[in-house]
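Fit chain P to the known structure of chain C by using the hints.
Chains as they are written, first to last, in our numbering: chain C, 18 to 316; chain P, 31 to 288.
Derived by calculation from the structure, the hints in this document are not laboratory data. All figures in this text were calculated on a predicted structure; none of them were measured in a lab. A portion of the hints provided could be inaccurate.
Stated by the list, open to error - Quick look at which bits of chain P chain C covers, simulated, 3 or more residues with Cβ under 8 Å: (1) 107-118; (2) 130-144; (3) 261-274.
Ideal Cβ placement from N, Cα and C applies to all residues, glycine included.
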Amino acid sequence: MTDIATYNFAYLDEQTKRMIRRAILKGIAIPGYQVPFASREMPMPYGWGTGGVQVTASIIGPDDVLKVIDQGADDTTNAVSIRAFFKKVANVAVTTDTASATIIQTRHRIPEHPLTAGQVLVYQVPIPEPLRFLEPRETETRKMHALEEYGLMHVKLYEDIAKHGRIATTYAYPVKVEGRYVMDPSPTPKFDNPKMHRSPALQLFGAGREKRIYAVPPFTDVVSLDFEDHPFEVQTFDQPCALCAAENVYLDEVILDDHGGHMFVCSDTDHCEKRREEGHRGHLAPEIHLASEKMEPAQ
Amino acid sequence: MTDEPLLRVSALSKFYGSRVGCDNVSFDLWPGEVLAVVGESGSGKTTLLNCLSTRMLPSSGTASYRMRDGQFRELYRMSEAERRFLMRTDWGFVHQNPADGLRMTVSAGANVGERLMAVGDRHYGKIRATAVDWLSRVEIEQDRIDDEPRAFSGGMRQRLQIARNLVTGPRLVFMDEPTGGLDVSVQARLLDLLRGLVTDLGLAAIVVTHDLAVARLLSQRMMVMKDGRVVESGLTDRVLDDPRAPYTQLLVSSILQV
Numbered sequence: 018m019t020d021i022a023t024y025n026f027a028y029l030d031e032q033t034k035r036m037i038r039r040a041i042l043k044g045i046a047i048p049g050y051q052v053p054f055a056s057r058e059m060p061m062p063y064g065w066g067t068g069g070v071q072v073t074a075s076i077i078g079p080d081d082v083l084k085v086i087d088q089g090a091d092d093t094t095n096a097v098s099i100r101a102f103f104k105k106v107a108n109v110a111v112t113t114d115t116a117s118a119t120i121i122q123t124r125h126r127i128p129e130h131p132l133t134a135g136q137v138l139v140y141q142v143p144i145p146e147p148l149r150f151l152e153p154r155e156t157e158t159r160k161m162h163a164l165e166e167y168g169l170m171h172v173k174l175y176e177d178i179a180k181h182g183r184i185a186t187t188y189a190y191p192v193k194v195e196g197r198y199v200m201d202p203s204p205t206p207k208f209d210n211p212k213m214h215r216s217p218a219l220q221l222f223g224a225g226r227e228k229r230i231y232a233v234p235p236f237t238d239v240v241s242l243d244f245e246d247h248p249f250e251v252q253t254f255d256q257p258c259a260l261c262a263a264e265n266v267y268l269d270e271v272i273l274d275d276h277g278g279h280m281f282v283c284s285d286t287d288h289c290e291k292r293r294e295e296g297h298r299g300h301l302a303p304e305i306h307l308a309s310e311k312m313e314p315a316q
Numbered sequence: 031m032t033d034e035p036l037l038r039v040s041a042l043s044k045f046y047g048s049r050v051g052c053d054n055v056s057f058d059l060w061p062g063e064v065l066a067v068v069g070e071s072g073s074g075k076t077t078l079l080n081c082l083s084t085r086m087l088p089s090s091g092t093a094s095y096r097m098r099d100g101q102f103r104e105l106y107r108m109s110e111a112e113r114r115f116l117m118r119t120d121w122g123f124v125h126q127n128p129a130d131g132l133r134m135t136v137s138a139g140a141n142v143g144e145r146l147m148a149v150g151d152r153h154y155g156k157i158r159a160t161a162v163d164w165l166s167r168v169e170i171e172q173d174r175i176d177d178e179p180r181a182f183s184g185g186m187r188q189r190l191q192i193a194r195n196l197v198t199g200p201r202l203v204f205m206d207e208p209t210g211g212l213d214v215s216v217q218a219r220l221l222d223l224l225r226g227l228v229t230d231l232g233l234a235a236i237v238v239t240h241d242l243a244v245a246r247l248l249s250q251r252m253m254v255m256k257d258g259r260v261v262e263s264g265l266t267d268r269v270l271d272d273p274r275a276p277y278t279q280l281l282v283s284s285i286l287q288v
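Isolated chain C, as found in the complex (with noise of 0.2 Å):
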């Protein structure tokens, strides 16, 4: 990496970073409310994650150390890009490992391994606005988070109730934050919601193309939305991790063949390789014994 001098740390400009670090402080008082912040153009389309590189530019220092997850996953293209994204202009490490990391960058999961104080989890967010589907005017959905009218939230449920019999929303499932602001967790699955509940873990949440910034200190009150006679519920699922056995975790189902077959695995590929290094196994885990990738070092 020679040619790390052409570009800053962490590729924003000192200026943008202040700007964005301004905005996270705001966010971080106001626990749950949208900030705006002027959102930098990215190396990468919007939707690939450019508000949560932007919040994790802001944020890391030299001593970091860096995980991103997709789906979970740390070995999908996203994660892999991103992460090789700030070696390069940072030169921070970067590790798969949960419990080593102290930035975690995701989207759309919260990882297996329970989070600890001193940790920051930042989000990639899509749409921040969690009433965005039901009131199209931004003008009008602005005002309804200062006034705090959240009847309209529980019509979504209502509408969910009525068609399917049950909260039938599993992703993105809005929640109230320490008792005053109804956000969105990002489309992470329900499953991960009961994770934000008083996690001694910073969260941050960057949405690029909607240019807002917004954050759940540590040990807040995070309560997912519910009706008093159908309450809120996490998915279960009635088969263990098919490779490391391991049950109470999230799943994604995985074609294996074009005959119907599938099989269930642990969604945190790191989770999953840990268990499996200590000899779970699960019905379909191969006999040879996968060698994890192993923190990489810094360059």
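Leaving out everything else, chain P in the frame of chain C:
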């Protein structure tokens, strides 16, 4: 309680630049009373209604509303949060075009239930039961509860809009041409329904209409507007049977006879 008006309007004016929307309108509205505002288009009826319902702020004048605790509050001095709360609890607004007053992409049941959820009702079963009850009161079949209003006829949409407004038991309802654009038989049924509901619930209402027949059927009192000013007001029967102002005489004599 009824020895005090529900709404006191004094010298209300709205100007659009140098043009007059409505000029120096004053009246009292009493609980359970239906007031019709009639006049040709452009006479300032809708401007007046929008100012009264605080959807628009007047240029000058005051309007005070007697809250449920018996205290009069000046509408234009209330905070926006209070005004909006009033609008979704103690007031209703029936638009001429039901699409303006309904959420066209959510089911009829949710349209009726929205106000209940907005005031903090969090029990699905109870919300649904109330919605079923209100749909039957406005003569919509129970099995249409999960249909979107897009699939409803004009008359059904208007009845659904009325149910949606009345579900929180408001004391004052604003109606802007509630029967506009409906054919006569549907209009007749809707008027019948409205008359029944207004009497049963003891609603006060301000109905803006250009249709004198609607005014005669629904209202006890009426105001005739022309060029933003009230040219005549009084009991509906008196105004229609014995119009005094030349303009009212013209209006009454312009009714088509079948």
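What are the numbers of the hints that this structure violates, sorted from low to high? 3
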